[in-house]
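Engineer: One-letter residues, chain by chain:
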Amino acid sequence: MSEKSSDAKVFPVDSRFQQLARRPGGMPRAQAIERAQAGVDEIKQTFGDWFDKELDGIIVALPHSARGYADPGVWLDVVLFHCRQLRDVGTTMGHELVTFIAGNFCEVLEAIKAGAEPNAELIQLHVEALRMSKQDKYKSSTPADFPELSSGLHKLLSLTKAGSEPQGEN
Amino acid sequence: MKESNLNLNGLTFLVADPSAYFCTVIHGILRSFGASKVLETRDARGVVQNLTEHRIDILLLDANVPPMGGLKLTKTIRRNEASEYRTVPIMILTSDTRATTVKNARDSGANMVVAKPLSPSSLYDRLAWIAFNPRNFIDCETYYGPDRRFKIEGYPGGVGRRKGDLPVEISEDTGPALSQDEIDNLLKFTRG
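Chains as they are written, first to last, in my numbering: chain A, 1 to 170; chain B, 1 to 192.
None of these hints come from the bench; they were simulated from the model. Remember, predicted model here, so these are calculated numbers, not experimental data. A portion of the hints provided could be inaccurate.
When the alpha-carbon atoms are kept at most 27 angstroms apart in a straight line, the in silico DSS-like pairs for lysine-lysine are as follows [stated by the list, open to error]:
no. : chain 1 : residue 1 : chain 2 : residue 2
1   : B       : K37       : A       : K113
2   : A       : K139      : B       : K37
3   : A       : K113      : A       : K44
4   : B       : K75       : A       : K44
5   : A       : K139      : B       : K103
6   : A       : K44       : A       : K139
7   : A       : K9        : A       : K137
8   : B       : K72       : B       : K103
9   : A       : K9        : B       : K37
10  : A       : K9        : A       : K44
11  : B       : K72       : A       : K53
12  : B       : K75       : B       : K37
13  : A       : K53       : A       : K9
14  : B       : K72       : B       : K37
15  : A       : K113      : B       : K103
16  : A       : K137      : A       : K53
17  : B       : K103      : B       : K75
18  : A       : K113      : A       : K137
19  : A       : K139      : A       : K155
20  : B       : K72       : A       : K9
21  : A       : K161      : B       : K37
22  : A       : K44       : A       : K155
Simulated restraints, written as ranges between beta carbons of each label pair [said to hold, decoys possible]:
no. : chain 1 : residue 1 : chain 2 : residue 2 : range
23  : B       : F132      : A       : Q135      : 28 to 34 angstroms
24  : B       : R79       : A       : Q37       : 45 to 51 angstroms
25  : B       : F150      : A       : R23       : 32 to 38 angstroms
26  : A       : D136      : B       : A20       : 39 to 45 angstroms
A virtual CB, placed ideally from N, CA and C, is assigned to each residue, including glycine.
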């Protein structure tokens, strides 16, 4: 549908944000970004401790028995919450591998939410991969540096997703 | 380039994201850019409360902000005829960068979609784009928000026009995650 059809009203908007942000005297882009990056670098010092707390949050929430996994309502949302947090800041904090593994883990959890069977071993594997990814020696590493890990996790994700898709009738 | 300089002095940002740590990061970045005030909230109720209690100049909403998510919240704000915030700039932050999600964000009335994890430069360039490229608003039966037919000719003072900046077909397929460049391409798709 065309947005400029006869019944659509079209009007200019120049919001307060736009008007004020364009005023002369602003900070040059390069300076603003340099300052922001310096701020991010300072926050990076807290990343290790924060990461450990998030990972603990995941470990504590995970069931301790196969029976526990059967009821995702109890643990799934908590694990997903911590996992999303790790995914959303990993790369910004210089840990691209954390974002990659947490992102894959989030997709596995979302597939479970959509009906896939929870697989305890697969979940534990992601936890271990996350624990590994935070180590200093893997900082600045990218998924491309670990092709076997990357393709393995992707493959496991595909299998999980396949389990959440409705089966066709025969 | 002269127009690349954002002047955020006197402006108030509202960031809605369930993660306190992410908020700390983005808070620091925005303050470094010169923003006078950055307010934070973890859920949609906090957004409504802040809009009532403060004069907010721009909203940065996580796509998963509980309980309804940033896209639905954007739609609610845009559709509220009585609200003074109906035309406030809204930026959606999301790590789900599949084509359908970006398209849905655009169709909810958001001005811009930024991929998580974000970098200072990607955030700065998109704020500058909103500031220096005001778009007409469209009010029709099915949509209220910035005109979805627009072109990104490169960000002011930032990276130039990209090799891949060509109209793209929007597919209904959920597809793989998109890069920030691909998101921008999708957002600038010119509707017929």
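Engineer: Determine for every hint whether it applies to the structure shown.
Structural biologist: Okay, the hints, checked on the actual structure:
1. K37/B - K113/A: Violated, at roughly 38 angstroms.
2. K139/A - K37/B: Violated, at about 33 angstroms.
3. K113/A - K44/A: violated (32 angstroms)
4. K75/B - K44/A: violated (35 angstroms)
5. K139/A - K103/B: violated (34 angstroms)
6. K44/A - K139/A: Distance ~12 angstroms between K44/A and K139/A Cα, so the pair holds.
7. K9/A - K137/A: Roughly 57 angstroms separates the two Cα atoms, so the pair is violated.
8. K72/B - K103/B: holds (13 angstroms)
9. K9/A - K37/B: With Cα atoms ~34 angstroms apart, K9/A and K37/B exceed 27 angstroms; violated.
10. K9/A - K44/A: Violated: K9/A and K44/A sit about 48 angstroms apart, past 27 angstroms.
11. K72/B - K53/A: violated (31 angstroms)
12. K75/B - K37/B: OK: K75/B and K37/B at ~25 angstroms, within 27 angstroms.
13. K53/A - K9/A: violated (51 angstroms)
14. K72/B - K37/B: holds (25 angstroms)
15. K113/A - K103/B: holds (23 angstroms)
16. K137/A - K53/A: Given pair K137/A, K53/A holds - Cα atoms ~20 angstroms apart, limit 27 angstroms.
17. K103/B - K75/B: holds (13 angstroms)
18. K113/A - K137/A: violated (34 angstroms)
19. K139/A - K155/A: With Cα atoms ~24 angstroms apart, K139/A and K155/A stay inside 27 angstroms; holds.
20. K72/B - K9/A: holds (22 angstroms)
21. K161/A - K37/B: violated (43 angstroms)
22. K44/A - K155/A: violated (32 angstroms)
23. F132/B - Q135/A: 28 to 34 angstroms: Because 43 angstroms falls outside the window, the suggested range is violated.
24. R79/B - Q37/A: 45 to 51 angstroms: About 38 angstroms separates the Cβ atoms of R79/B and Q37/A, which means 45 to 51 angstroms is violated.
25. F150/B - R23/A: 32 to 38 angstroms: With Cβ atoms ~23 angstroms apart, the hint is violated.
26. D136/A - A20/B: 39 to 45 angstroms: violated (24 angstroms)
Of the numbered hints given earlier, the model fails hints 1, 2, 3, 4, 5, 7, 9, 10, 11, 13, 18, 21, 22, 23, 24, 25, 26; all others are met.
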